[in-house]
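J.: Listed below are the residues making up each chain.
Number of protein chains: 4
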Amino acid sequence: MGNRSEDKRVAILASGGDSPGMNAAIRAFVRSALWENYQVFGIQNGYEGLLENEIRELSSRDMGMIINQGGTMLGTARSAEFQTPAGLQKAAANLNAAKIDALCVVGGDGSFRGLLALSEFYKGQVVGIPGTIDNDIPGTEYTIGFDTAVQTAVEAIDKLRDTALSHGRVFFVEVMGRKSGQIALSVGLASGAEDVVIPEEKTDADVVAKRLLDGRKKGKRFGIVVVAEGDDSGGAFKLAETVQQKVGFNIRVSVLGHIQRGGSPTSHDRVWGSRMGEAAVRFLKNRMTGVFTAMRGGHIIPAYLIEATVGVRAVEPEMVQLVRIMGS
Amino acid sequence: MGNRSEDKRVAILASGGDSPGMNAAIRAFVRSALWENYQVFGIQNGYEGLLENEIRELSSRDMGMIINQGGTMLGTARSAEFQTPAGLQKAAANLNAAKIDALCVVGGDGSFRGLLALSEFYKGQVVGIPGTIDNDIPGTEYTIGFDTAVQTAVEAIDKLRDTALSHGRVFFVEVMGRKSGQIALSVGLASGAEDVVIPEEKTDADVVAKRLLDGRKKGKRFGIVVVAEGDDSGGAFKLAETVQQKVGFNIRVSVLGHIQRGGSPTSHDRVWGSRMGEAAVRFLKNRMTGVFTAMRGGHIIPAYLIEATVGVRAVEPEMVQLVRIMGS
Amino acid sequence: MGNRSEDKRVAILASGGDSPGMNAAIRAFVRSALWENYQVFGIQNGYEGLLENEIRELSSRDMGMIINQGGTMLGTARSAEFQTPAGLQKAAANLNAAKIDALCVVGGDGSFRGLLALSEFYKGQVVGIPGTIDNDIPGTEYTIGFDTAVQTAVEAIDKLRDTALSHGRVFFVEVMGRKSGQIALSVGLASGAEDVVIPEEKTDADVVAKRLLDGRKKGKRFGIVVVAEGDDSGGAFKLAETVQQKVGFNIRVSVLGHIQRGGSPTSHDRVWGSRMGEAAVRFLKNRMTGVFTAMRGGHIIPAYLIEATVGVRAVEPEMVQLVRIMGS
Amino acid sequence: MGNRSEDKRVAILASGGDSPGMNAAIRAFVRSALWENYQVFGIQNGYEGLLENEIRELSSRDMGMIINQGGTMLGTARSAEFQTPAGLQKAAANLNAAKIDALCVVGGDGSFRGLLALSEFYKGQVVGIPGTIDNDIPGTEYTIGFDTAVQTAVEAIDKLRDTALSHGRVFFVEVMGRKSGQIALSVGLASGAEDVVIPEEKTDADVVAKRLLDGRKKGKRFGIVVVAEGDDSGGAFKLAETVQQKVGFNIRVSVLGHIQRGGSPTSHDRVWGSRMGEAAVRFLKNRMTGVFTAMRGGHIIPAYLIEATVGVRAVEPEMVQLVRIMGS
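Protein chains in written order, with the UniProt record's numbering: chain A, 1 to 328; chain B, 1 to 328; chain C, 1 to 328; chain D, 1 to 328.
Pulled out of the complex, with its shape left as it was, chain A reads as follows (with noise of 0.2 Å):
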């Protein structure tokens, strides 16, 4: 076992939406804690749950068979009353009866921003995973599930794309990214799609139909179109509409939805989400905290929680004009 310096007793919480790979930090989390000899739990259900001291130990056992399960073993929740002062107050209270010297959480920008206010009235220990499918979190370059979801979704256009090519059709379909068109971007890159429509840049119907008029032209059967949720044309649908008649042809929608946020996580996101898990810990060991696991030219290093909450990490302009020629 490792150098065993300190008793320590540290929790783990996964909130926001979940995302898959988190089960891989939390294992890696909780291991490599015991490994240092702490005492480790578990809150269920995240912030919500820590208000309502849902709160146990874990060993190494229950981190078996987990690592391949998409979701979070811990649960997560959103909770109103937490971003209370209120609430604030009565989670450190929870944290303190529970002598727990360090809160590590799992989830997204609002759940930093949410450690963040809790680190004002609890003064253990804080630091953050970024897990979330989005992948938009300022300072890092990756989250945790990123990598799944975009998979999800290209294995669903995949399939699609069989269908349209059958039937000569062109399809626009919806990918998760109420903020950011990471998730579109990747996918529109990987699908080998015709165009992508993010929230980053104004949409325009006419430029839109005019490539796809443009692809029929030089004899492209059927299409697909990749849109962002949070694209300012108002979503798959909406678009649709507006370039349908712009064009003269049936365009089929396909809202993915909820499926880009399960499933079996891929092995990019297990083992990163091991990573960070661990490196969460070597963080707390190294006394620091208010930082996060933030990947910086492909290492994971500790970075403060605060430059994670502001605003939307941007995509980068040479993704856009690679996905524009590749489907041109």
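One or more hints might be untrue.
Once the Cα atoms are required to be at most 30 Å apart in a straight line, the calculated BS3-like pairs of lysine-lysine come out as [stated by the list, open to error]:
| # | chain 1 | residue 1 | chain 2 | residue 2 |
| --- | --- | --- | --- | --- |
| 1 | C | Lys238 | D | Lys238 |
| 2 | C | Lys179 | C | Lys238 |
| 3 | A | Lys285 | A | Lys99 |
| 4 | A | Lys90 | B | Lys217 |
| 5 | B | Lys8 | C | Lys220 |
| 6 | D | Lys202 | D | Lys179 |
Bear in mind the hints are in silico, worked out from the structure with no lab data behind them. As the structure is a computational prediction, the values presented were derived from the model and not from experiment.
With chain A held as given, fit chains B, C and D onto it using these hints.
T.: Relative to the frame of chain A, chains B, C and D by itself:
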């Protein structure tokens, strides 16, 4: 090679909605026909292509690398013109001009109706292969594509269940089936759904709500209800809205849509697609006409096309009962 | 709930090799039995667990989240002791001590033979559910797990074909089937294999070589030959070595092995596992004993266990012929 | 379209073992080059095809429907003749005769060595794209195909775990990696393996045995050990035989083999294959030569081919440590 008693020219087309396994059927038809020393032709884009004379000779090599592809390599389309007497006459004339002795059509009940209508003008042999994901054609226990469509929906719900479980949510999942609950029932049983609503039964939102509330009482934190798109409730969105008000908690909706039509066919659809393709050639060799490859008692037999065109195959009451018991 | 005319205590165990869909059968057995108001018990680790009294009551909740899991939640094992008269007596005594009125065994022909032997000492009702990937049990058209095993092998060969095509290579792929070519034939047909060799036929390396050379002449740059592990040639490695010398080019070998036993069951295995589990309870309710849930003509009927224990189910000659024509 | 400052004729070939995502790279190279108004040529079957003048012009349409296909649409081969001075001279002469201004090679370190050798005779620009499942090329953090190979192996082990758990068995699983443990480490981490043995470390059967026995003591009924094919123990079969005698229980072996090379590429390999294909064109446009598209710090930069040809990229000690902690 086989017994080459005759010199026949046979053609094949796919019609109606595409379904996975059509390629296996086409491949088996073509290779079995070549084995009999027939000349084989493919008609592109269904009856529409027949009207436009999109007929080309097919070789064994053309059938390479298609058995694992979804959709249909011949393309498919719906044609309004074909359904007129003039259209049928033109179609017959095109077949005669190309000296086609026999025509095989892969498709659903609508396609079979078209084939029967055509056979009043076209005097060659006609055979059908039931290819539709709906499995709702009277007179056959199986139609090619059903297994893949069910499998695709079940895999999607396996993913949804991860997120349903993590968040303690109920999902209403809409699957294909405009007139028939066959897909919904198999999907519901295989995915461990709490309930299934189908066009064959009058749907009572109060009953659906009660089942969900009963589940909550027993401690079920989440649930899946499978809704056939043709259910009299008006589909998953409408039903969810109504039920939501009765149960007092949020219900998420997922419409699986066109992904159910595509995707690499399951081994089951490849095997039975192949067997039906081969059987169709055998029927032609035996000088049959006006028949289709029907599965009865697990065997493929020739059944009259007319049988397939009356009504919708009934669901088994035992299946309905079983799904309900399993989900309770 | 159902008609609760009786107060029965029923138990279920899985025996022999595990196969995907066993969990669906167990779940359906348990929930159907509970519906009948029976008390239900699970015996862990097959007959071995029965000897060790690993019996526990099962509730409906225990059956949650298992329908999509491969393997069996009850565990399985092979036991030498059980097969002795002393072992059978002890097993019967344990069932009597636990006041078990009826025992259901999910497994293959060996497990059924064990159940028949046990029934000479144990006077409760006994029923079997055919669960083995081999689909080689006489008296039933289907055994739970076959579809998943075939699907897994076909997906693996779909991957091999990519690399076979890129490199212009021939692969010999060994699939499961010690006494039977059922898996090999379905896999061969569904994966578009050039040839299949099975235990039911004498394998002639010269014929296999000739088919490959004929394919080369016709321009086939690559090929797949499916080899049943129990083929008289001695398996894929031996056969490849012999054939290699005759054809004069390299042959790669892939032994798929145990992955064929695992994996999330296909919807087909989940549906039929569920139906057989329910049927087993129905048989018990109807006071039957010494029977198993056999599929005949697409329906599940009670067949005598003894039928399942004599010989190996024959392959259909039409399947053999069809695979050869398709691969030519 | 892009800036068309030049009139270039560029060619691309794939060499060495095929790997999933090569098609994405080829597609992106071709379409990006066409965007620059270059004429683009594909060379079939690697350096061998170059010697045989298998050169043909490629259009944007030729790149349709390949991004989701495994293997490489250009074919690949290994050539002994090419490695001789005469072979290199002939290859250069063929490129010159076809007036090819620049050659792009997708492949591993051996292919890059070939390209460097060729560049002593051929005076056009040369660029490489790292395409090999092994991810063991010095100078780049990623090679196209690695993610898919790892994912395929992890999915296979997910299946094995079902049966391992049901039977309480230990499996030794051999994965690809002749000189490198990169695949084994990622697979081991992502599949929750109990142990991983790799060529970079001296393997001690006693240590492997002890870990398994320790696991048993803690109540682990089953286990997975991932073995890199190039491990000094001699591979999974040999190691299992030795360890079996030390632990006193049976160990099953599964050699995953060539399925790891094939299969539809993951979205990750499609995205990075596309980005590297595009980058290769950008390098050519910028008049670079003797470079390859290396990933460093998550970005694609031009690195000298010579860097890629010296030794094997080292594994991260942190990964080794992490896998061991997770499996303990």
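J.: Name the hints, by number, that the structure is in violation of.
T.: none
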